[in-house]
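Okay, here's what each chain looks like letter by letter:
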Amino acid sequence: MPSSNQLTATDARSSQAPGIIKWVRANLFSNWFNSILTITLIPAVAYILFIVFRWVFISADWSAVTSQPLLFGVGQFPRDQIWRVGISLLSIMFLIGVSWGKWGGLLRSIGIFATLLFFGFAILPFQHEDLSIPIFTIASTVMTIRFFLGLISLFIIIGNFIGRLEAVSKRLIIIGWFVTPIITVILLSGFDNSELLPSITTTLWGGLLVTFLLAFGGIILSFPIGVALALGRRSKLPVVSAFSTIFIEMVRGVPLVTILFMFSFIINLVLPPSAIPERIVRALMAMTLFSAAYTAENIRGGLQAVPPGQMEAAKAVGMSGFQTMFFIVLPQALRAILPAIVGQFISLFKDTTLVVIVGINDFLGIGRSIINSTPEFLQLQLEVYVFIAIIYMIFSFLMSLASRKLEDALGVGER
Amino acid sequence: MASIKSSPDQNASIPFYRDERWLQSAAQIISAILIIGFLIYIIINFFIAADNRGLNLGFSFITEAAGFPISESIIEYDPSMSFGRAFLVGVVNTLRVSLLGIVAATILGASVALARLSQNWLLSRMALLYVEFHRNIPLLVLLYLWYFTVFSQFPNVQDSSELSRSIYFTQRGIYMIWPRLTETGGIFLIAVFVGIFGALFFWISLRRRREITGQQTYYIQVSLSVLIILPVIGWFLADGNPLWIDVPQFQRFNFEGGMRLTPEFMGIFIGLVTYTASFIAEVVRAGIQAVDRGQIEAAKAVGLNSLQILNLIIIPQALRIIIPPMISQYLNLTKNSSLAMVIGYQELFGLAKIAINNAGRAVQIFVMVMLTYLFFSLLTSTILNIYNRRIQFITR
Amino acid sequence: MSRKIFTLLAVLTLFAVVIVACGDSNGDTETEAAVDTEPETEPETEPETEPETEPETEPEVVTGSHADILGRVLERGTLICGGRTDLAGFGSLDGERNVGFDIDLCRAVAAAVLGDADAIEIVPLTAADRGPSLQTAEVDLLSRNVTWTASRDVQWGNFTIVMFYDGQGFMVTKASGITSTDQFDGATVCVTSGTTTEQNLADFFRQNGMTFEAVVFEETAAVYSAYEEGRCDITTSDRSQLESVRNGFASPDDHIILDDIISKEPLTPAVPHGDDAWFDIVKVVMFALINAEELGVTQANVEEMLASDNINIRRLLGVEGDWGFTDLGLDSDALANAIAAVGNYGEIYDRNLGPNAVITLPRGLNELWSNGGLIYAPPVK
Numbered sequence: 001m002p003s004s005n006q007l008t009a010t011d012a013r014s015s016q017a018p019g020i021i022k023w024v025r026a027n028l029f030s031n032w033f034n035s036i037l038t039i040t041l042i043p044a045v046a047y048i049l050f051i052v053f054r055w056v057f058i059s060a061d062w063s064a065v066t067s068q069p070l071l072f073g074v075g076q077f078p079r080d081q082i083w084r085v086g087i088s089l090l091s092i093m094f095l096i097g098v099s100w101g102k103w104g105g106l107l108r109s110i111g112i113f114a115t116l117l118f119f120g121f122a123i124l125p126f127q128h129e130d131l132s133i134p135i136f137t138i139a140s141t142v143m144t145i146r147f148f149l150g151l152i153s154l155f156i157i158i159g160n161f162i163g164r165l166e167a168v169s170k171r172l173i174i175i176g177w178f179v180t181p182i183i184t185v186i187l188l189s190g191f192d193n194s195e196l197l198p199s200i201t202t203t204l205w206g207g208l209l210v211t212f213l214l215a216f217g218g219i220i221l222s223f224p225i226g227v228a229l230a231l232g233r234r235s236k237l238p239v240v241s242a243f244s245t246i247f248i249e250m251v252r253g254v255p256l257v258t259i260l261f262m263f264s265f266i267i268n269l270v271l272p273p274s275a276i277p278e279r280i281v282r283a284l285m286a287m288t289l290f291s292a293a294y295t296a297e298n299i300r301g302g303l304q305a306v307p308p309g310q311m312e313a314a315k316a317v318g319m320s321g322f323q324t325m326f327f328i329v330l331p332q333a334l335r336a337i338l339p340a341i342v343g344q345f346i347s348l349f350k351d352t353t354l355v356v357i358v359g360i361n362d363f364l365g366i367g368r369s370i371i372n373s374t375p376e377f378l379q380l381q382l383e384v385y386v387f388i389a390i391i392y393m394i395f396s397f398l399m400s401l402a403s404r405k406l407e408d409a410l411g412v413g414e415r
Numbered sequence: 001m002a003s004i005k006s007s008p009d010q011n012a013s014i015p016f017y018r019d020e021r022w023l024q025s026a027a028q029i030i031s032a033i034l035i036i037g038f039l040i041y042i043i044i045n046f047f048i049a050a051d052n053r054g055l056n057l058g059f060s061f062i063t064e065a066a067g068f069p070i071s072e073s074i075i076e077y078d079p080s081m082s083f084g085r086a087f088l089v090g091v092v093n094t095l096r097v098s099l100l101g102i103v104a105a106t107i108l109g110a111s112v113a114l115a116r117l118s119q120n121w122l123l124s125r126m127a128l129l130y131v132e133f134h135r136n137i138p139l140l141v142l143l144y145l146w147y148f149t150v151f152s153q154f155p156n157v158q159d160s161s162e163l164s165r166s167i168y169f170t171q172r173g174i175y176m177i178w179p180r181l182t183e184t185g186g187i188f189l190i191a192v193f194v195g196i197f198g199a200l201f202f203w204i205s206l207r208r209r210r211e212i213t214g215q216q217t218y219y220i221q222v223s224l225s226v227l228i229i230l231p232v233i234g235w236f237l238a239d240g241n242p243l244w245i246d247v248p249q250f251q252r253f254n255f256e257g258g259m260r261l262t263p264e265f266m267g268i269f270i271g272l273v274t275y276t277a278s279f280i281a282e283v284v285r286a287g288i289q290a291v292d293r294g295q296i297e298a299a300k301a302v303g304l305n306s307l308q309i310l311n312l313i314i315i316p317q318a319l320r321i322i323i324p325p326m327i328s329q330y331l332n333l334t335k336n337s338s339l340a341m342v343i344g345y346q347e348l349f350g351l352a353k354i355a356i357n358n359a360g361r362a363v364q365i366f367v368m369v370m371l372t373y374l375f376f377s378l379l380t381s382t383i384l385n386i387y388n389r390r391i392q393f394i395t396r
Numbered sequence: 001m002s003r004k005i006f007t008l009l010a011v012l013t014l015f016a017v018v019i020v021a022c023g024d025s026n027g028d029t030e031t032e033a034a035v036d037t038e039p040e041t042e043p044e045t046e047p048e049t050e051p052e053t054e055p056e057t058e059p060e061v062v063t064g065s066h067a068d069i070l071g072r073v074l075e076r077g078t079l080i081c082g083g084r085t086d087l088a089g090f091g092s093l094d095g096e097r098n099v100g101f102d103i104d105l106c107r108a109v110a111a112a113v114l115g116d117a118d119a120i121e122i123v124p125l126t127a128a129d130r131g132p133s134l135q136t137a138e139v140d141l142l143s144r145n146v147t148w149t150a151s152r153d154v155q156w157g158n159f160t161i162v163m164f165y166d167g168q169g170f171m172v173t174k175a176s177g178i179t180s181t182d183q184f185d186g187a188t189v190c191v192t193s194g195t196t197t198e199q200n201l202a203d204f205f206r207q208n209g210m211t212f213e214a215v216v217f218e219e220t221a222a223v224y225s226a227y228e229e230g231r232c233d234i235t236t237s238d239r240s241q242l243e244s245v246r247n248g249f250a251s252p253d254d255h256i257i258l259d260d261i262i263s264k265e266p267l268t269p270a271v272p273h274g275d276d277a278w279f280d281i282v283k284v285v286m287f288a289l290i291n292a293e294e295l296g297v298t299q300a301n302v303e304e305m306l307a308s309d310n311i312n313i314r315r316l317l318g319v320e321g322d323w324g325f326t327d328l329g330l331d332s333d334a335l336a337n338a339i340a341a342v343g344n345y346g347e348i349y350d351r352n353l354g355p356n357a358v359i360t361l362p363r364g365l366n367e368l369w370s371n372g373g374l375i376y377a378p379p380v381k
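Residue numbers (my numbering), protein chains in the order written: chain A, 1 to 415; chain B, 1 to 396; chain C, 1 to 381.
Derived by calculation from the structure, the hints in this document are not laboratory data. None of these values were measured; they are calculated from a predicted model. Hints may contain errors.
[As the list claims (entries may be wrong)] If we take Cβ atoms under 10 Å as the criterion, some of the chain A residues that face chain C in the derived model are:
1) S132
2) F178
3) E312
4) A313
5) V356
6) I360
7) N361
8) R368
9) N372
10) F377
Glycine is no exception: its CB is placed at the ideal position from the N, C-alpha and C atoms.
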């Protein structure tokens with residue numbers, strides 16, 4: 001991967017040689033084989049593009065997709081409590097803005113993209129009743145979703161300026177990043193018997209909200225377990241190493257759907273009825289354990305890549321085993337495997353779609369529910385699936401872009 | 001680690017909680033107790049729950065009639081056959097799509113990798129687009145798209161029946177003429193297999209002899225002639241023509257005869273292949289690019305042609321890097337085949353789900369499914385790991 | 001050296017992390033406590049009961065585990081129903097709201113028990129989930145067009161009263177030229193997996209000595225879209241579903257629903273085993289919905305009917321004597337609340353399956369018994 005990036009980079013540089021004709025000759029018609037290839041490919045590409053464009057803009061009927069946009073976003077989350085999702089989104093986006101101001105680089109791209117995305121929502125050319133659902137009312141002014149989304153883009157930019165201030169330390173922002181997800185979960189789930197934050201059962205959560213919850217929740221929770229398993233597998237204690245190995249290999253040996261299925265059925269049998277968690281939590285547990293086994297293998301690879309001399313040197317300067325592991329070995333290992341972790345995250349993000357098989361209405365599940373809820377939409381399956389595919393592609397493409405930038409920034413794998 | 005052992009007299013002076021050996025065994029015992037305790041807790045709870053709900057934990061249902069239809073099977077099956085048989089059908093269907101898929105995905109993946117490395121800008125960009133598209137789309141969505149937008153949009157079966165061809169692309173599947181063995185064709189088949197294995201044997205053994213002794217052993221010629229001559233002998237040994245051509249004929253509803261690939265199979269097969277190929281392409285590309293450029297230049301300098309460079313310099317070195325990630329891609333493909341049920345191809349997991357609905361023996365069926373997948377995974381990784389170890393050894 | 005100890009610590013934290021992870025995202029501290037306390041008591045008592053003969057111990061244990069669903073519902077303040085979000089007319093999504101025939105039955109129970117029809121939580125269940133969700137009493141009421149069969153009654157839970165009579169039928173394409181079931185031999189059939197439908201289909205063909213090729217999907221949408229594209233000659237499902245789906249097709253006239261009905265599909269709400277009082281409550285609510293239609297009590301006139309001089313109506317609405325509400329632990333106006341919230345059976349039917357609904361099904365067998373149908377309920381007295 002890394003060496004390939006360098007290669008493409010040099011390719012790109014040489015291709016910027018003066019003269020478009022020169023470029024065309026070098027890259028499209030360098031020899032007779034290439035010329036034939038180019039000549040046959042151009043009409044093929046043009047034809048495919050033509051078909052796709054004609055379908056998207058003329059023959060496709062997007063009414064199933066546009067009928068209930070909010071359902072795709074948050075599922076059945078009560079509409080009068082929608083401000084809780086709004087505030088969560090706002091705070092996360094604000095943090096992205098602040099981090100963008102502080103660090104720039106990759107976060108800059110994310111920040112700009114998010115700003116444009118939310119601004120785009122705010123000025124979306126079509127009117128839909130979902131977009132004018134009030135989020136909250138301040139001084140008898142109704143704040144609609146459309147307006148709120150625009151506000152988010154403003155907050156990202158404000159955050160950017162705040163992040164540039166010296167007074168805002170990096171540590172503060174990092175604390176913010178740790179605290180926000182916890183606050184978000186509390187904000188979304190609420191408390192029993194609370195006036196301000198009545199508890200909202202997770203069966204009502206759906207759409208992108210659940211997709212992101214499962215993906216981020218899965219990766220965050222699986223990380224410590226993955227580290228523990230990786231260390232356990234490398235441990236010299238046979239019992240620990242055996243159990244870790246067995247766990248990792250068993251989880252990696254079966255498909256994710258079987259694990260999801262196990263957690264949705266078998267867990268009912270191995271826990272007392274009162275201790276059975278909610279369905280989404282069960283799915284999250286399954287995703288976490290699944291992801292942990294893969295993360296563990298990635299981390300193990302990273303640990304192996306740390307030269308033993310590093311450990312010996314740490315010992316020589318009198319560090320304890322704990323210190324060696326935490327300050328010398330793990331940081332280096334994690335840096336080496338960061339791209340792999342991001343790759344793991346992308347595949348986890350895509351794998352969240354499998355929860356529809358156990359009946360959870362994630363983004364794909366909502367799409368299926370919408371298709372099924374009106375007989376006329378049965379014919380619009382293609383449009384719905386294409387829409388879903390595009391959304392997943394946008395997010396995971398952004399993530400892989402991010403991972404590539406991260407690789408470059410960290411100089412991972414440079415030999 | 002072992003070299004830094006504390007001597008016994010030192011040992012006496014330090015308290016037990018600083019004694020490394022004591023701590024080690026304590027740690028092991030505690031972790032073992034915790035893990036085993038956790039397992040026992042789960043198992044006890046399981047039996048209590050099973051008892052409460054009157055679950056039948058026996059395996060006798062395996063011989064009972066399954067009662068549900070299965071859409072396609074290469075071994076004989078009908079609803080009056082047993083659950084065990086249905087399970088077997090699932091295993092065979094999983095293996096069928098996985099094995100074919102692995103072969104096809106390797107070929108496609110390698111081609112995409114080569115396209116990606118092509119000097120032609122358009123071709124390499126298209127390969128990149130292919131890779132990015134498939135890496136960023138959830139497989140489940142990709143399967144829906146393949147099945148509902150490609151394979152169910154083929155021409156209607158009644159319309160295509162009017163054309164007489166050797167291959168038909170219809171909504172009900174792809175039908176093509178196919179050679180089949182006659183009753184006396186068995187000996188021909190045996191001859192073909194003997195030919196293949198004989199050729200392999202000569203190839204490997206003669207080639208090794210050449211490597212060891214340096215003598216020309218004509219291994220290519222010998223194995224090729226074995227491969228051709230034995231089937232020819234078999235053809236004449238068979239009484240009459242050993243093969244007959246099965247031509248698809250349109251019947252009342254569908255075509256009959258010939259070789260048929262159902263849209264469901266094609267959907268999962270093409271979906272898995274195109275998806276996995278994008279990952280394999282990246283693996284192969286990384287492997288090829290990892291080969292030192294200097295080596296290729298050196299090979300050119302000593303006068304090897306480009307085929308020889310590929311064969312003798314690039315592939316052996318790239319394989320070392322490619323094989324481990326390739327193993328995990330193959331396993332991923334096999335495991336991903338469990339999504340086939342959403343587009344109607346019934347493999348192990350899909351059939352297990354149906355069986356759970358019908359027989360209600362969730363736990364037993366589940367254990368069987370998990371163990372089957374686990375078995376295949378471990379088997380594959382063991383075999384490929386052995387192969388991998390050999391390759392690594394030879395090239396160093 | 002001490003790295004190993006660290007390793008040990010790491011592995012130990014694994015369990016802590018798992019437990020914290022569950023407890024945390026659950027937002028519910030009770031579960032954790034339950035994990036700790038339950039096993040201590042149960043393993044000790046259980047082995048003693050085991051050697052006894054099964055039929056004797058079983059009901060006791062089951063009663064112990066799912067007893068007092070009413071108490072649980074009242075304490076929680078919501079009624080948890082197993083439902084679905086993907087079948088128009090029976091259970092689907094309209095914006096954030098769950099709507100449908102099955103959902104309205106659930107709302108009626110919530111209105112009777114809690115006085116608030118919106119105090120429901122619909123857990124979307126896959127076909128395979130239905131049995132386990134009842135067995136573990138994860139749901140208080142399963143109202144997800146479940147066919148009542150003998151084996152399910154034994155294994156899953158208690159089935160209340162048939163609220164929708166259905167039967168499995170066939171839809172064929174005109175292009176296939178099929179006009180009756182005896183021409184089915186060799187045809188391709190699209191069917192949903194994991195339901196009674198699939199088995200009925202296999203039985204039907206076996207019984208009649210015909211062969212068929214099955215195309216099996218998990219999801220109803222996939223079945224019908226494959227069928228409509230021409231993948232199959234025949235599709236089979238409950239008649240009600242076939243009717244509704246055909247109306248959504250691009251050209252409904254190209255498809256014929258055959259008159260043959262090959263199975264009985266009594267769709268019935270069910271409750272977990274082991275709580276008779278709860279079973280009775282749900283049944284009484286269902287009876288009331290049907291009786292209300294028979295007696296002419298509607299959502300609109302339920303208020304004025306309180307003053308009606310018809311003794312049966314007065315009794316139903318709880319203004320004349322006790323029909324048993326005190327024994328069941330309900331308020332006297334429980335049934336009046338249910339009717340006020342969702343209307344009587346006919347109104348529920350019309351709202352979801354009537355002429356102006358998303359899908360329209362003629363009432364047929366689901367007319368009241370007095371109108372020639374099968375809908376009949378014991379009197380509420």
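Each hint, compared with the structure:
1. With a least beta-carbon distance of about 13 Å to chain C, the hint placing S132 of chain A at the interface is violated under the 10 Å criterion.
2. Against a cut-off of 10 Å between C-beta atoms, the interface hint on F178 of chain A is violated, since the closest Cβ of chain C lies about 14 Å away.
3. For E312 of chain A, the interface hint is violated, the least distance from its beta-carbon to any beta-carbon of chain C being 12 Å, above 10 Å.
4. Given the 10 Å rule on beta carbons, the hint for A313 of chain A is violated: about 15 Å separates it from the nearest Cβ of chain C.
5. Residue-level restraint check for V356 of chain A holds (minimum Cβ-Cβ distance to chain C is 9 Å; threshold 10 Å).
6. For I360 of chain A, the suggested interface contact is upheld, since its CB lies about 8 Å from the closest CB of chain C, less than 10 Å.
7. The interface hint given for N361 of chain A is met, as the beta carbon of that residue sits about 6 Å from the closest beta carbon of chain C, less than 10 Å.
8. Given the 10 Å rule on beta carbons, the hint for R368 of chain A holds: about 6 Å separates it from the nearest Cβ of chain C.
9. Of the supplied interface hints, the one on N372 of chain A holds, with its beta-carbon coming within about 4 Å of a beta-carbon of chain C, less than 10 Å.
10. The closest approach between the C-beta of F377 of chain A and any C-beta of chain C is roughly 8 Å, which is under the 10 Å cut-off, so the hint is satisfied.
The structure fails to meet hints 1, 2, 3 and 4 from the earlier list, while all remaining hints are met.
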